[in-house]
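Chemist: Each chain, letter by letter, is given below.
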Amino acid sequence: MRQRDIEIILMRQLASYLVVPIFVVDTKGTVLFYNEPAEALIGRQFDEAGEMPMADWTTVLNPRDERDMPLPLESQPLVIALRRHVPAYRRVRITGLDGVARSLEVVAFPLQGQGNRMLGAAALFWESDKK
Amino acid sequence: MNVTLWGTRGSLPSAGPDTIRYGGNTSCVEVRGQDGTLVVLDAGTGIRRLNSTIEPDLKRVYVLLTHLHMDHIQGFGFFQPLFRQKAEVHVYGPPSTTHDLRSRLTKYFSPPLFPVRLRDLPAQLMLHDVPLGKFDVDGFQVECDLVTHPGPTVGYRIAEGGSALVYIPDHEPALGAKQFPMSPQWTSGHDLAEGADLLIHDSQYTLPEYGERAGWGHSAIQHAIAFARLAGVKRLVTFHHDPGHSDDFIDTLTKEARSDPRLPFELTPGQEGMTFHLR
Numbered sequence: 135m136r137q138r139d140i141e142i143i144l145m146r147q148l149a150s151y152l153v154v155p156i157f158v159v160d161t162k163g164t165v166l167f168y169n170e171p172a173e174a175l176i177g178r179q180f181d182e183a184g185e186m187p188m189a190d191w192t193t194v195l196n197p198r199d200e201r202d203m204p205l206p207l208e209s210q211p212l213v214i215a216l217r218r219h220v221p222a223y224r225r226v227r228i229t230g231l232d233g234v235a236r237s238l239e240v241v242a243f244p245l246q247g248q249g250n251r252m253l254g255a256a257a258l259f260w261e262s263d264k265k
Numbered sequence: 059m060n061v062t063l064w065g066t067r068g069s070l071p072s073a074g075p076d077t078i079r080y081g082g083n084t085s086c087v088e089v090r091g092q093d094g095t096l097v098v099l100d101a102g103t104g105i106r107r108l109n110s111t112i113e114p115d116l117k118r119v120y121v122l123l124t125h126l127h128m129d130h131i132q133g134f135g136f137f138q139p140l141f142r143q144k145a146e147v148h149v150y151g152p153p154s155t156t157h158d159l160r161s162r163l164t165k166y167f168s169p170p171l172f173p174v175r176l177r178d179l180p181a182q183l184m185l186h187d188v189p190l191g192k193f194d195v196d197g198f199q200v201e202c203d204l205v206t207h208p209g210p211t212v213g214y215r216i217a218e219g220g221s222a223l224v225y226i227p228d229h230e231p232a233l234g235a236k237q238f239p240m241s242p243q244w245t246s247g248h249d250l251a252e253g254a255d256l257l258i259h260d261s262q263y264t265l266p267e268y269g270e271r272a273g274w275g276h277s278a279i280q281h282a283i284a285f286a287r288l289a290g291v292k293r294l295v296t297f298h299h300d301p302g303h304s305d306d307f308i309d310t311l312t313k314e315a316r317s318d319p320r321l322p323f324e325l326t327p328g329q330e331g332m333t334f335h336l337r
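So the protein sequences, as listed, match chains F and R. The numbering used here puts the last residue of the first sequence at 265; the count rises by one with no breaks. The numbering used here puts the last residue of the second sequence at 337; the count rises by one with no breaks.
Hint data in this document are derived by calculation from the structure and do not stem from the laboratory. From the three backbone atoms N, C-alpha and C, an ideal C-beta is built for every residue, glycine too. Just to be clear, a hint being listed does not mean it is correct.
[Claimed, not checked] Cross-link-like lysine to any residue pairs, in silico, SDA-like; alpha carbons within 20 Å at most:
(1) LYS192/R <-> MET252/F
(2) LYS236/R <-> PHE180/F
(3) LYS236/R <-> VAL154/F
(4) LYS236/R <-> ASN169/F
(5) LYS236/R <-> GLN179/F
(6) LYS162/F <-> GLN243/R
(7) LYS292/R <-> LEU321/R
(8) LYS236/R <-> MET252/F
(9) LYS236/R <-> GLU182/F
(10) LYS236/R <-> ASP181/F
(11) LYS192/R <-> PHE180/F
[To be verified] Where chain F lies over chain R, by a calculated footprint (3+ residues, C-beta under 8 Å):
(12) 194-207
(13) 235-242
Bound-form chain R, shown alone (with noise of 0.2 Å):
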């Protein structure tokens, strides 16, 4: 599968001279499989460059939703196959405990916040209340499971051949372990991105900026490296950047996080355009 980045940036879109190498957009990551199949991981504003990478003719898309806060939804209502008549679009995302996506998704896709209401799109628009557990997207195997995030959030692992996609980008495996990691029974995220060929996680925060921020579903870059070497994987992306941190503070906390020779894996800061190879 090949698996590129179109929006990396977490909360608020984050346009400016300071951002431009890592990118100023809103979660999105484009997934294609071997035979063509198209998932797309949230829809923050990257989702607007996706657009021009779909073909004229494509039949069915599938867009899988961590959850629904603003920045992982916003770039939805410009998402082109949901203004194409024979574009089938499957949308999955988690319910609440008191309403399903439908529900949920209509308060954005509704005025005061959006001039066009879901029903009223030309696509054939599927929504699905996504399974916790394994289930299948044309030719991918996908696996969903809760995560440490405020209001109902998952992460997914995508798999294909023998490659593992795992892509949590608002994580706080961190809140409440008096000890992180605690052990892979007791830590959030740990099944689904055990021994992943690539990570894409949260890593919005530094440490201070984290004692500061706790309780709000994300993690500090050491938090993501520490639950990469729990799980094993075998690459992790820095994903979720804070709006507030520039190119050049990016590239001062990777520095620092690779300068620990005992990293048992690859550290990648993710950037909007980069694509990886999983065979």
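One chain only, chain F, in its complex shape (with noise of 0.2 Å):
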């Protein structure tokens, strides 16, 4: 399997380090690598879980809105940060794995390399009651 981009990695070391739940997705939307504190909040270990197709996360995590409506893929943070290379905030439900819903806000940003190279995109989550 290809060498990941340098900026990828980077960013994945920087998550590892930091306590601010992150996932880490490619330009197609595949979950590359989830932080351990994302694992909390996803319900997995990311590397029981290992990298997840877009159509996959989307459906398994089940993104609602506040009124727990379900949030088209085009409203979902993520999304808008890699197919409109914009950052992106909104409050967001999800289902975890181990199916507990959770309320989250999420900040998406897009990863955008040397040579404007659209790498794919960060999300940070915070749980809205445990702010």
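From these two lone chains plus the hints, build me the complex, please.
Modeler: Printed below as a string of structure tokens:
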């Protein structure tokens, strides 16, 4: 398998040292990595879950709006960051792989590297009721 | 191709009685193709000695810069082809996110740091923001990729026929890795170096020194060896020696590293004037 771009490698290494939950996805939205604090929200260790295509995590985590209505792809912060190449924020409800529903605040931003190469996106999460 | 080391020292020129054998000049490597193509890797102070080997009627030369830290460009103003009207000098190097190579290099090639301005050089100077990926320079196939080092920094893979040289003089692939090396997929520089006949790689520190200088952009010799092992190279040349490391100290580091009976490649400490023939 091809080596990841250096910016993605550095993003993963930075994320692995931060206490803020972080998701890193590639240009197709495949989850490449999430850190230990994110494991608590996703409900499964990354080493156990592995890389996850966008179609899987957008289905399995069941992202919803604040009224618990399904959140269309184009309204999800990570997807906005990926497709429109702009930062995005919103409150989201998900159901973790452990079956627990959680309210999150999500900030996503595109990962654009040297030469404006679009490499993917990263999302930072906060659990709303734990702020 | 023939590969000659003209500067193997890192960070600072380090002339003196303790650095005579491995040399005190900073990064500069000459690569000569079978058709005579001349590629110069980095323009540290070693480039001054390279001048004496350049034929007077040289028409074209390629200078590939890995990055613009001073120890990699300090010799550039003393590169003789720059002062020949008929010489075509192609310089490749990384742009930053906001400035192209010309703008970045001009900061050095202007007073008060240097008396001659880039635009006043007599040679036909062509500056190229180095493309990430593959490109050709005369008879060589070059591949370039970003690597872990502060500021925009690249490594080069230069192939001719069936042989490949990989040059990553400033590289900290262990940065942030909780276990190094990680898998090839998550290791900076891996794809560039994979299966190289000759890897010239940063080996500036000992492990205790690295512990005090993590994030400065360099490798301990143990990291270089682990990286070379992961990439499956045939020969590793340690390079970018610390200015504080004497010849005797480099000998000791090399001896310790070679004492591993499972070392799967030849380990050679980079030494000024040393030439490698790749076929």
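Chemist: Does each hint hold? Answer for all of them.
Modeler: Okay, the hints, checked on the actual structure:
{"no.": "1", "hint": "LYS192/R <-> MET252/F", "in the structure": "holds (19 Å)"}
{"no.": "2", "hint": "LYS236/R <-> PHE180/F", "in the structure": "holds (15 Å)"}
{"no.": "3", "hint": "LYS236/R <-> VAL154/F", "in the structure": "holds (18 Å)"}
{"no.": "4", "hint": "LYS236/R <-> ASN169/F", "in the structure": "holds (13 Å)"}
{"no.": "5", "hint": "LYS236/R <-> GLN179/F", "in the structure": "holds (17 Å)"}
{"no.": "6", "hint": "LYS162/F <-> GLN243/R", "in the structure": "holds (17 Å)"}
{"no.": "7", "hint": "LYS292/R <-> LEU321/R", "in the structure": "holds (11 Å)"}
{"no.": "8", "hint": "LYS236/R <-> MET252/F", "in the structure": "violated (27 Å)"}
{"no.": "9", "hint": "LYS236/R <-> GLU182/F", "in the structure": "holds (18 Å)"}
{"no.": "10", "hint": "LYS236/R <-> ASP181/F", "in the structure": "holds (14 Å)"}
{"no.": "11", "hint": "LYS192/R <-> PHE180/F", "in the structure": "violated (34 Å)"}
{"no.": "12", "hint": "194-207", "in the structure": "holds (count 4)"}
{"no.": "13", "hint": "235-242", "in the structure": "holds (count 3)"}
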